[in-house]
Amino acid sequence: GDSVTQMEGPVTLSEEACLTINCTYTATGYPSLFWYVQYPGEGLQLLLKATKADDKGSNKGFEATYRKETTSFHLEKGSVQVSDSAVYFCALSNYGGSQGNLIFGKGTKLSVKP
Amino acid sequence: KAGVTQTPRYLIKTRGQQVTLSCSPISGHRSVSWYQQTPGQGLQFLFEYFSETQRNKGNFPGRFSGRQFSNSRSEMNVSTLELGDSALYLCASSLVASSSYNEQFFGPGTRLTVL
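Protein sequences appear in the order of chains A and B. So the number in the working numbering is just where the residue sits in the first sequence, counting from 1, plus 986. So the number in the working numbering is just where the residue sits in the second sequence, counting from 1, plus 88.
If we strip away everything but chain A, and leave its shape as in the complex, we get:
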C-alpha cells in the first residue's frame, strides 16, 4: 500500500540555520503531497501542498518541490526561527490509488535554539 517515509528526529538547529527534512513516498497513481506542522498542545496545521509533479508548495518561508522521478517532497527553509520549533509531518493523499484519506509519515521534531 501507499506509504510515507520521513527522516527521524529530533533535529536541533540554531536560529538562522538552514533546514531540510527529507520525505519520500510510495504510491500508485498520482498522489497529492502535503506538509503539516503540529505545535505543542495543538492539532495539525497545513503548511504547504503540491498536487502534481514539479509543483512547488511554499508558505511562511518553507518550500517543498514534488519530485516524481525521486518520489520525494523534501521540506526546506533557508533561515529557521525559534518559533518554527514544532513537529513536522509529511503526508500524501491518493484517491486514484487503493487507499483514501491522508497517509502520514512518523513526524520529525524540530527544536530551534536562540
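All clues given are correct.
The list that follows gives simulated cross-link-like pairs (lysine-lysine, DSBU-like), each with its CA atoms no further than 35 Å apart:
#1 B/K101 <-> A/K1092
#2 A/K1054 <-> B/K145
#3 A/K1038 <-> A/K1092
#4 A/K1092 <-> A/K1046
#5 B/K145 <-> A/K1042
#6 A/K1038 <-> B/K145
#7 A/K1046 <-> B/K145
#8 A/K1095 <-> B/K101
#9 A/K1092 <-> A/K1063
#10 B/K145 <-> A/K1092
#11 A/K1095 <-> B/K145
Label pairs and their in silico Cβ distance ranges:
#12 B/G172 <-> A/Q1067: 34 to 44 Å
#13 A/T1012 <-> B/F148: 17 to 27 Å
#14 B/Q105 <-> A/E1049: 41 to 51 Å
#15 B/L171 <-> A/K1038: 41 to 51 Å
#16 B/V184 <-> A/S989: 24 to 34 Å
#17 A/D1040 <-> B/Q142: 32 to 42 Å
#18 A/T1057 <-> B/Q105: 41 to 51 Å
According to the in silico footprint, chain A covers these stretches of chain B (three or more CB under 8 Å from chain A):
#19 120-131
#20 191-203
To be clear, the hints were calculated from the coordinates, so they are not data collected in a lab. Note that the coordinates shown come from a computational prediction; the quantities given were computed from them, not determined experimentally. Glycine included, each C-beta is placed from N, C-alpha and C at the ideal position.
Guided by the hints, dock chain B onto chain A, whose structure is given.
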C-alpha cells in the same frame, strides 16, 4: 470563522469502559475525518463521514465506530477500552468529501488515557 472544535480535550478512562468523543466541524463543512495519533504508530486514519454516511474506513477493529449528524457534527465511540487505545484523537473537517485536492482542517484533539 471558528475552527474545528473537539470535546472533551482530555479524558481518563479505565480498561473495559467505553468512550464517546465529539467533533464540530467548521461551519459549512460537510466532511469529518478521524485520526488516531500515538507515539508508536504515528497518525492513522480511522474513518470519514460525509453527509451522515461513512465514506471511508481505516484498518481498526470494530470497537471503533462513529457517526455523523445532520448538522455535520460527528462522534466517535470506542467500546471495551484497551490500554493501547490511549492516544490523541484528531478530527479534521473539509468542505466537501475529502479528496487529493481538498484541504483538511484539524481540531486540537482529544487526549484519551486508558488506565
